[in-house]
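Listed in order, the protein sequences are those of chains B and R.
Sequential numbering from 48 applies to the first sequence in the numbering used here.
Sequential numbering from 963 applies to the second sequence in the numbering used here.
If you're looking for bench data, these hints aren't it; they were derived computationally from the structure.
Misleading hints may appear alongside valid ones.
To be verified - Straight-line Cα separation of at most 30 Å, BS3-like style, residue types lysine-lysine; simulated pairs:
1) B/Lys-730 x R/Lys-1017
2) B/Lys-441 x B/Lys-353
3) B/Lys-730 x R/Lys-1080
4) B/Lys-485 x B/Lys-495
5) R/Lys-1118 x B/Lys-730
6) B/Lys-596 x B/Lys-620
7) B/Lys-214 x B/Lys-146
8) B/Lys-214 x B/Lys-200
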Amino acid sequence: MNKIMRHGQVGRSAPRLEAREKATGRAEYVHNLRLPGMLYGKIFRSTIPHGRIRSIDVSAAAAHPGVYRVITAADVAKVVPNPYYGPAFHDQPILAIDKVHHVGEPVAVVLATDPHVAEEAAALIVAQYDELPAVYDEVEAMTSKAVVHDVLKPAGTFPDLKHLQGKTDTNVALDFHLRRGDVAKAFAEADHVFEHTFRTKAVLHLPLEPFVSVAETTGSGLTIHTASQSPSFVRIEIARLLGWPENRVRVKVPYLGGGFGAKLYIKLEALVAALALIVNRPVKIALTMEEQFFTLTKHASTFRIKSAVSKDGKITGRECEVWWNGGAYADIGPRITQKSGFTAPGPYDIDNVTIDSYSLYTNLTPAGALRGFGIPQLVWAYESHADMIARALKLDPLAFRRKNILREGNAQATGTIMRDAAIEAVLEQVSARMDWEKPFARSSGSVKRGRGIAIGFKASISPTTSVAIVNVAADGSATLYCSTVDMGQGSDTANAQIVAEVLSIEAEAVRIVHPDTDVTPYDMATLGSRSLYHMGNAVRLAAQDAKAKLADLAREVGVPEGSNIPIAELFVKKYKMQAGNIIGTASYIPSYVPPEAETGQTPNATPFWMVGGAGAEVEVDTETGHVRVTRLVNVGDVGTLINPRIVATQLSGAAVMQYGFTMQEQIETDGGQITNASFADYKIPSILDIPPMESEAVDAEQHDGPFGAKGVGESGTFAVSPAIANAIDDAVGVRISELPITPEAVYRAIRARNGDPLEDA
Amino acid sequence: MAAVAMTVNGKAVTGDVDPRTLLVQFVREHLRLTGTHVGCDTSQCGACLVHVDGKAIKSCTVFAWQLEGANVTTIEGIADPSGKLHPMQEAFRDNHGLQCGYCTPGMIMSAIDMVNRKGNDLDDHTIRQELDGNICRCTGYHNIVKAVAAGAKAMKGSSAPAQAAE
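All chains should be modelled from the sequences, with the hints used to inform the complete structure.
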């Protein structure tokens, strides 16, 4: 239906609309913002993982020359009496109150006109604590005597969190359960049973532009300039904290220097808002790269997966138990536990499934969404497990997958019927690109070659709303107002192409107004690859609304239907001069049926599915454990392509990010202290670290997506890690079950396999 | 405070700065040339890369006062004053060599420096070796390599100076 009208704007690799600004250094980032009279805030952070605050001595800091003021939770309480925020739980205080829950938690802020002075003074603050027992491991947190929060405080709006209200003596921030078929019977009757446990370590987003927010008081309230992926959420949450109507809080977001899920919900916004209200001056807080390590991570996870398999290789039952290490504050972890948790059995057609997924509090940096919303952790487990089963049964990994994958029309674990999920096409395209059916050259020396494949899928978060406005000016030029944040993914360009396609104009002629909650309408957030589908549909409908109103205008001024009279002349005919506007508006919210509480079953779990597959070829040095990935193939189902070049770059960028999480990145901790909190010690992939890569999309269409499109930002991450682990197993016959895959881990595994294990360090 | 005078993008500039002021802070905060970005603060990422007397320098590694009399070029100084982009900027635009854009100014300045040292015909291997000091978290690098190769070629036939404003 959406494919009927084509004016060549959709499907064109237009250069990004903002490329010139970015290439000339003129693009606007909050990083660059400086307001008259602005103070810089520097955060004093907890040095212990868990403890009661005995005292905070700010006297030396306050007396330091050049310091304007030092702020603690006691000052914040005067402007925000109940200063707890969060998207799922109202558990996170603006500054620590009574207790600290992780190393690096904000305790106080020094304000000064010179950021160096603020930093010097922050080092003069002395806090004393009575330390409490701490818990760091997500599985231990289930039964630990160390309890992170005295009482649980879920936000009132979510029915699936209500039973946690007021609970004490627990670290479980959400337990999600799914029951389908008869798993006990499947295991009792199985020819083979396989059980494995897989783990991932905490890693982090590290956008090159660290978190940064500025707040200023205005005549009517507050304006917050922030590097945020969720301007509408920030407005609503700050208004809630202050007890104000939404319209007194204005949130403006220019370009972001990367986001990847880090810059969602409230990060620095509540803090700068409180500070600006306390001192009645603009306040900027710009974190350093190091401080990002104390702000948000990706969940570490443990996944126990158990499968019943028939002798011919059909999976008949699966048990999934997943523990998510949420750190000290829930952030969006409970949603990951459920919204991604229900895909834990993988893209396989399995009649009997149980899932138990737990979101845990621990005394570590809070964990949240990171490019994949929990999916890469799940795929790591179920696709490693898939190869282990195939190898044990002496089945080809591709053949085993072909036998079991979810196909169009099959019911997924929730009972939702699969539609527009090109799982089979992605699997086949990966194997074709890998020449899987052809013999693979192996080596006989100490460096062994191997290859592996993997495939993963994700459901889009739902139900969520996007609203768009298309404004056609009297000269016929078009402007799009929407709150989607372009953090690098190319949404400005894609949305302009959609407007242009509907209005039969050039995408380059469409102007995009960036998120400004006084101007641009509501959008849930830019996350989870939801924007191209949700906002894309709203933008398409708003443009169609504008087009219909232009047709009405033509009729009104007596222009015959089908006439190609320039739009500007329609306005002149009506207003007798260049005047007036046509405003097209639309909102889009897909249908959704919440899962049943006991069974997780629903006929409509998601508006659309994303699919990502990967293939890897590796060389493993058996004398050092060093792994060189010599080829990495990524294939995604992203529906139709609005802008093919941007799609390819999103796929390859996502794959490289996940490659870093697979081979080299991990937050190292010792007793709750992060020991590698810098770019110098925590190495993200440089250009010399990355393997030769091919990234492409399968020919597919999302029937209700804008012009058949759907999200692309995360699909490239899904399958990279297990494809590489499977290739390593293929090369040297050892299984790595924990990310990242370090040379040491591989070498230890080889030695253990040879019956000559290394002693523990 | 320390007085400092240098040439930035062809213009003589002076400043009275705290001695601990880094070149990147001088450029961004005193001159308000905000195209030079701060990423890591610890000399890994290369988002703050500028040219000093014809050499690529991470501007978070030097104090402003150390550059008395120096000739500095930032990302704002390489396009033609008429608004026509430098060929390397054009190449990053045409080859989708950027996403969030935060590392882009440093990448472009690094790429121009590479052409100055290595010439206009840059193979894939050379480009990758030379860009090791510039980190990108978004793009996966592949389009950056294509952009640098194309930009290097375009600089050959262009009147754009390899080192602007010098």
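Right, here's what the structure says about each hint:
1. A C-alpha spacing of about 26 Å is found between B/Lys-730 and R/Lys-1017, which places the hinted pair at or below 30 Å, so the restraint holds.
2. A distance of roughly 18 Å separates the Cα atoms of B/Lys-441 and B/Lys-353; the hinted pair therefore holds under the 30 Å criterion.
3. Between B/Lys-730 and R/Lys-1080, the direct Cα distance comes to roughly 28 Å. Compliance with the 30 Å bound is thereby established for this hinted pair.
4. Our distance criterion of 30 Å between C-alpha atoms is met by B/Lys-485 and B/Lys-495, whose separation comes to about 18 Å.
5. As the CA atoms of R/Lys-1118 and B/Lys-730 are separated by approximately 35 Å, the hinted pair breaks the 30 Å bound.
6. Distance hint between B/Lys-596 and B/Lys-620 is fulfilled; the C-alpha atoms sit about 15 Å from each other, no more than 30 Å.
7. In summary, the hint linking B/Lys-214 to B/Lys-146 is supported, as the alpha carbons are separated by about 18 Å, within the 30 Å threshold.
8. Between B/Lys-214 and B/Lys-200 the alpha-carbon distance is near 8 Å, which keeps this suggested pair within the 30 Å criterion.
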